[in-house]
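Chemist: Read top to bottom, the protein sequences are chains A and B.
Here this note's numbering runs 137 ahead of the position in the first sequence, where the first position is 1.
Here this note's numbering runs 203 ahead of the position in the second sequence, where the first position is 1.
Simulated from the structure, these hints should not be mistaken for laboratory data.
Keep in mind the model is a prediction, meaning the values are calculated, not measured.
Treat each hint with caution, since some may be false.
What the hints assert, rightly or not - Covered stretches of chain B (in silico footprint by chain A; criterion: 3 or more residues with CB under 8 angstroms from a CB of chain A, positions within the stretch not fixed):
1) 229-243
2) 792-803
As the list claims (entries may be wrong) - Quick list of the computed label-pair ranges, beta carbon to beta carbon:
3) B:Val433 <-> A:Arg282: 34 to 42 angstroms
4) B:Lys468 <-> A:Leu274: 18 to 26 angstroms
5) A:Arg282 <-> B:Asn750: 46 to 54 angstroms
6) A:Val254 <-> B:Glu447: 35 to 43 angstroms
7) A:Met174 <-> B:Arg460: 23 to 31 angstroms
8) A:Met174 <-> B:His440: 42 to 50 angstroms
9) B:Asn750 <-> A:Leu274: 50 to 58 angstroms
Stated by the list, open to error - Pulled from the structure, derived: some chain B residues nowhere near chain A, Cβ distances all over 10 angstroms:
10) Glu304
11) Glu480
12) Ala600
13) Leu674
14) Glu689
15) Leu737
16) Lys779
17) Thr783
18) Ile788
19) Val845
20) Gln892
21) Ile926
From the three backbone atoms N, C-alpha and C, an ideal C-beta is built for every residue, glycine too.
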Amino acid sequence: MTVSQDNSASGVTEYVTIMIGEQLFGLPIARVQDVFMPERLTRVPLASREVAGVLNLRGRIVTAIDMRARLGLPNAASDRPAMAVGVDLRGESYGLLIDSIGEVLKLADDSREVNPVNLDPRMTKMAAGVHRLDGQLMVVLDVDRVLEISSELRAA
Amino acid sequence: MDDLLKEFLTETNESLDVVDNQLVRFEQEPNNAKILDNIFRLVHTIKGTCGFLDLPRLETLAHAAETLMGKFRDGMPATGEAVTLILTTIDRIKEILAQLEATQAEPKGADEDLIDRLHAMAEGAHAEPAAIEAPVVAAPVAEAPVSTQGTLVHQVLERPLRPGEVSLDELERAFRETEAEVVPAPAPVQPPAPVKAAEKPAVSKPAAKKTVVENDAAEAERVSNQSIRVNVDTLEHLMTMVSELVLTRNQLLEISRRNEDTEFKVPLQRLSNVTAELQEGVMKTRMQPIGNAWQKLPRVVRDLAAELGKRIELEMHGADTELDRQVLDLIKDPLTHMVRNSADHGLEGPEERARAGKPEQGTIRLSAYHEGGHIIICIADNGRGLNTERIKAKAIANGLATESDLERMTEAQIHKFIFAPGFSTAAEVTSVSGRGVGMDVVRTNIDQIGGTIDVKSVAGEGASVTVKIPLTLAIVSALIVEAAGERFAIPQLSVIELVRARANSDHRIERIKDTPVLRLRNKLLPLIHLKKLLKLDEDAGAIDPENGFIVVTQVGNQTFGIVVDGVFHTEEIVVKPMSTKLRHINMFSGNTILGDGAVIMIVDPNGIAQALGTSVAAQHEIVDENAANRGSAAEQLTSLLVFRAGSTQPKAVPLALITRLEEISSDKIELSNGRYMVQYREQLMPLVQMDGVEVATSGVQPILVFADDGRTMGLVVDEIVDIVEERLAIEVASGRDGILGSAVIKGRATEVIDVGHFLPMAFADWFNRREMKPSASAQSILLVDDSAFFRNMLAPVLKAAGYRVRVATNAQEGLVALRSGEEFDAVLTDIEMPDMNGFEFAETIRADQKLNDVPIIALSSMISPAAIERGRQAGFHDYVAKFDRPGLIAALKEQTSDLNRAA
């Protein structure tokens, strides 16, 4: 299933909403390539904790990112991640492992609020603001920053 | 970027590389008008295009250089100074081009310094032959805006035409037309240019990035140009698509293996074949001649020679040998580094060379050829060779080995230390190569692409570095293994063998303290568990201490075993680069998709080798004692076994040919099918009698046991008399079967038997033997063979055929003999020898001016068209199978008589 990337309206951004842990997040739809069920995930020995493994998505090798680990959330109860959102960064494919996918929302940019100062520092790094929806808050994820996983830490 | 400008940059950079090269050649052959014309044409084209694209700075520079070259055409001597000046100008042009590519505008700056010098040089030349020169014509101002001495500049171009000459305008038009033919189509796919340009401002050689399918065209005669320019990105994309196809094919094959449905089998087979062909075809488009990586070397060597005050000739062989451009890019720098090394450290200055009795001009020889799935590149020089003492001192200083370690090491083993990190023996750091970046960096680069590197050196004779690298990196054959329930791929290139280790078998994993090792053919092989290495052991159960599959792996000269839980099969895998998020893990070189669709990691043997530590390498080398260096005593004594058989006259045979002396109880000897047999070491061994020898019926029977290649035979003799060391000189050749001739041994005339006669009597096919006639001429032959068996067998044969024979146990010894001043009419050499093989030996002889007319005949047990071709290239006159004695004698006769005629 490929989500349309049409996002021409100015001042309005379309988001795909996702659930990770108990929290609602939004990903700008322009960055989302596809949504898929992660299958046959091969774990990579010696990789950092945030990298869940690699998998074959229609002939491309996709690096799966464990979003729970990335956001500092507790591990999921079930072992198998339910869903993955495919994103591209500099020609490489990544799959963000999430719990479930929601709907597509069109939100005005001026209704987006800055990160609350007391937000978890790990989340602050990756959040590009918060939208107040009725009843809950949606944290906007900055894909580039989500994928800023420092490999230098363990580099030889 | 403007398409036109992009095209211009690509083309100009290519042209400039050619100009570089051609200028160096021109300097060596100043009378070669063809080279000069070629340079002139290229520079002229650049100038013309610059004018067209409105790049005044470039145009002026090119113009000034062209003027000076015009002077060369008019007969001005091409001095080193003048060539250097033009080369400097070309460097300046390159700088401007680089900036032009980065900023898309011609940079500001002045070139008057160079232009003035160019003009001064041109003018200086003008002074001498000026009297005859055509009258000076004023230059059009528009063409030389910067030049202040324009009058002289255009004198060359605008003198009155000589008969038969064409005007410049016509030339110009001709050039443009030719150009149009040579460069037919722009690249069909244009990549998003602005991004690309922004990404690579630092790239100094855009030409290399944009090289085309056949860019050697400028070198070759451009007769019928059948090639087109294809953007590298297009090729890369094609390659990726083919890789996908290979993967899909593998998947289909996997499915078809599982299902018995035969309906798909045939078309699938067809698809599989087509895919394989397509893969090969696309790979071919990525292949480039290695000459592309060598293009800059003549210039490098020339500049170095000038800087160091040496005379250096650079020979290049096999420049058209092709390899994958990805690999090509990776070896360019190491190659340049090694050539610099040879020029700087290897070759001596002219005085030192003269003192050593060598020609003043040193030679660096680059050669490349294919062997199996590899390309072999050899960089050899005839300089002073590696300084073993200095390497030893440095190895001790760096703590790589102790003095007693070094005592036990052969020279070749010591030489390998130059690949150790931080190893540079140059007494002082020169500006040329001793910059702290040593051979270890070269080695690391080569290791990274799955290649191996080896060095050979003979003091005073020169050194050679041999690099063996795979032809391509994109699709490799890999062994699929399992560890802790996960599958991994190990590139087949570095796998030597597989060993199954079991608790109660010969191959058992043993432990020295906590380090697992395997005893394999009397060597201790360090082992490492893949599970442990990848930290998979915590959750996947304990490591079985004694069982497992061992993948014996070699990286460089380091051999080790990777212990895995299971081995599946080998598969052609498409190497996909690791995600940037995972690239820091140096245990993996990439990942791939298997036939069943799963992604697996490709283990990098280099990374494992590093993890094992380099100390292992040195230890292992020492354990691997090289026996070949023993027994090189210069005196040519032969141990002979003297015995009696059939007559009272003693007989003798080289002791080295005999495997064992046995006394067998006569009741053990059986008669079967008319032949005597004896049960010997659980096999039936046939007994052969010499004429007049009776097999004993009681007591014990002395037997000489000969063994070769798993077969044994016993020669029945009457009595074993003695073992003596004598100079074996067969004085009277024999006409009798089985007797080579007579020699004086211990003061008695003794018949030397020909073992070769008796071996086929036991096994008819031992080897085919025909009679040969001894020749009376006393020509001398140098026989080089590391195997004592063949030395001992061939030397008598040759002596019996009337030759004087000197034997050498290895190539180095052979070279010493050849250079000792002794005259040899021919050299016979084995091919497979340690340290320096027959090919290298032949190349060394060919490179030596004093020796290069000696015929060399290769002796080999392995004869294939490829080996023969390789031998021909190395300079062998003939190639003879080891057992083909009539062939050998015939070849010797032919070669030595040729020599007589020539003399």
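Chemist: All the hints need checking, so say for each whether the structure fits it.
Modeler: Okay, the hints, checked on the actual structure:
no.	hint	in the structure
1	229-243	violated (count 0)
2	792-803	holds (count 6)
3	B:Val433 <-> A:Arg282: 34 to 42 angstroms	holds (39 angstroms)
4	B:Lys468 <-> A:Leu274: 18 to 26 angstroms	violated (59 angstroms)
5	A:Arg282 <-> B:Asn750: 46 to 54 angstroms	holds (48 angstroms)
6	A:Val254 <-> B:Glu447: 35 to 43 angstroms	violated (49 angstroms)
7	A:Met174 <-> B:Arg460: 23 to 31 angstroms	holds (26 angstroms)
8	A:Met174 <-> B:His440: 42 to 50 angstroms	violated (29 angstroms)
9	B:Asn750 <-> A:Leu274: 50 to 58 angstroms	holds (57 angstroms)
10	Glu304	holds (22 angstroms)
11	Glu480	holds (21 angstroms)
12	Ala600	holds (26 angstroms)
13	Leu674	holds (24 angstroms)
14	Glu689	violated (7 angstroms)
15	Leu737	violated (4 angstroms)
16	Lys779	violated (5 angstroms)
17	Thr783	violated (6 angstroms)
18	Ile788	violated (5 angstroms)
19	Val845	holds (66 angstroms)
20	Gln892	holds (68 angstroms)
21	Ile926	holds (60 angstroms)
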